[in-house]
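Here are the chains, one letter per residue:
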Amino acid sequence: MEDQGYSILIDLGIALGKELLGSLTKAKAPQDVLDAAGATVAALEAHKNDLITKANLEAQRG
Amino acid sequence: MRKLSKYLLGIVAVVAIVTIGSFPAFALGASPMALVAAATTAATPFATQVKLLAISGSVYALLQVVKQVFPLAGLGAILSNVGLSVLGVVVVIKPEDLFSLNTLTLVGIAAITAAGAHGTIKSFTSGGTDLSNPGLGANTTVRSGVAMLLCVALIGLTGCSSLERQAYNVIVGSKAFTKSFSDKHPECGTRDANGRWIADPNNQATVCVAIKKGIAAKDLLIDAAEEYCASSDFDTGGACNPPSSKTLKDQLAAKVQAAITGYEQAETDLRALIH
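Heads up: the sequence lines are chains Z and Y, in that order. Residue numbers for the first sequence follow our numbering, so the first one is 1 and each next one is one higher. Residue numbers for the second sequence follow our numbering, so the first one is 1 and each next one is one higher.
You can take every hint at face value.
Computed cross-link-like contacts, BS3-like style, restricted to lysine-lysine with a CA-CA straight-line distance of at most 30 Å:
no., chain 1, residue 1, chain 2, residue 2
1, Z, K26, Z, K48
2, Z, K54, Y, K255
3, Z, K28, Z, K18
4, Y, K213, Y, K249
5, Z, K28, Y, K213
6, Y, K184, Z, K28
7, Z, K54, Y, K249
8, Z, K18, Y, K179
Distance ranges between label pairs, derived from CB positions:
no., chain 1, residue 1, chain 2, residue 2, range
9, Y, T190, Z, E58, 15 to 23 Å
10, Y, D233, Z, Q31, 41 to 49 Å
11, Z, A55, Y, T190, 21 to 29 Å
12, Y, A205, Z, P30, 17 to 25 Å
Treat the hints as calculated values from the structure; they're not laboratory data. Every residue gets a Cβ at the ideal spot worked out from N, C-alpha and C, and that includes glycine.
Only chain Y is shown next, with the shape it has when bound in the complex (with noise of 0.2 Å):
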């Protein structure tokens, strides 16, 4: 009960930092509703909020990386945090929009959200009980899914450069996720020389048909991807070239963001099967 309890402050603390991170841009007369409708209606939904959160991340892993050569801890790193995460969003506003009230409205929640990530993540790694002890195996799936989480959202967030990009890292760690998956089933398929999934039709276990629609999703993913990118140049080996025709690429879109969702429906799926 008291881990239980744990995990929800957690969760309060992230909705929390989210919701005192939002004070500069109503202050700045922006209606809350309005700004989740646009974010969700625009050519890549959330884009700016997935930027940001990536942003944060990273900032925090290279901490980690940093504190293990230098004795960072307590209100250092949570400066070094902030700093950092400013740098961040600094680094990849545009030039010409760099001094503007979107960008200082960037800044302000980038630097709350990575002193609030510390705090929670740290909460998080200490707050946690022995899990090698066999009798916590409950506690051991919390943990392991909240990781197995972060890993597969990691997939999402470094690709944030650009839509053909994005779906391109979720096909490369889909690919690698099904196919240790499948490995381990072999009782619901095979793989032939190119490597390509065959399953077993009269295998119908429930694990082996969630490996099936993970496979199948993950190639639906690429026949959007591919339509999104088509031109003459890129269906005789050129690179990605996403149409000039702002409607047309947006119904593209939309189709290649449908992919990535069901995607992550039947990946979620798979996950339940490891415990």
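So that you can see chain Z by itself, here it is in the shape it has in the complex (with noise of 0.2 Å):
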């Protein structure tokens, strides 16, 4: 039941963060700032259904 509900919410969640990147890009915003805000977003994206291993939070650091 979490597991379900965590995913169709980081799903919609991740919506959002594209969402408002669209914003932004439509607004103009300085691009260090979309840059970071589009990085963001994609990585949360691509580890969305990472299992949380050491190996994955070693990963990570740096």
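Now that you have both chains on their own, put them together as the hints suggest.
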């Protein structure tokens, strides 16, 4: 139940992030902002189904 | 001055929505201070409140997609927003808790928040000025700040399944954020073959120090998450396995929460440098 709820929420949350990113682009926000926000949303989407293991945590260091 | 008034009005509207949304709980005899104290000292502080915000925010995003297909506007948009939010709460409630006063309160708060969020965000998007006008740099910064704040909040909001998942989402988002930022400042350091940041010890510029602190705070969060997940299974490649002892789990959870707060502060310092 909790996993299903999480899956729905993270998918919708990523959709919200993309919507915000689109608004930022239209508003001609500074490139630094666009890049940082885009990278954050993309990373969240790429890793949303990751198993939380020591190797995956270590890969995020530095 | 008029723009400032609009943003202040937005803040007042959010406070009013939260206050009105709390009435069902107060009507059931709950003390506002006791509710705040209980939420603060819980194993995962403000977990329910964060979940409600996530549902309201997610429903708003979903509606934006729906509106691209159907001519949904005005009262129809608000009713759809409320309906989907209520459905969102019901979906994440455990079956045994479905028909309870607690669920009724949560559904009520979600519905009121969703309706309010629709109007508040609409006022932000329609009340602005032409951002392509170079004379309005300060306004651009404010809008960018609001949007960045929402993006960063997204990291935490989307991770409301468990503490380890929340921490992992913050770690993944912060790695991407700090990497994107540091890559634009090669004068502050370089990355090794494994993609790890090696700061230039001779460059003590504000931006370099902020990058260094942000990455250090993220790595501290990784340490705390690994301690929280530690078990013989986890140490040999298995999935996160929080301790079964409630006392130990609470102690380690507090460390993870403190590390998340520490990173958020470091990221706030970094974001202040983006203009």
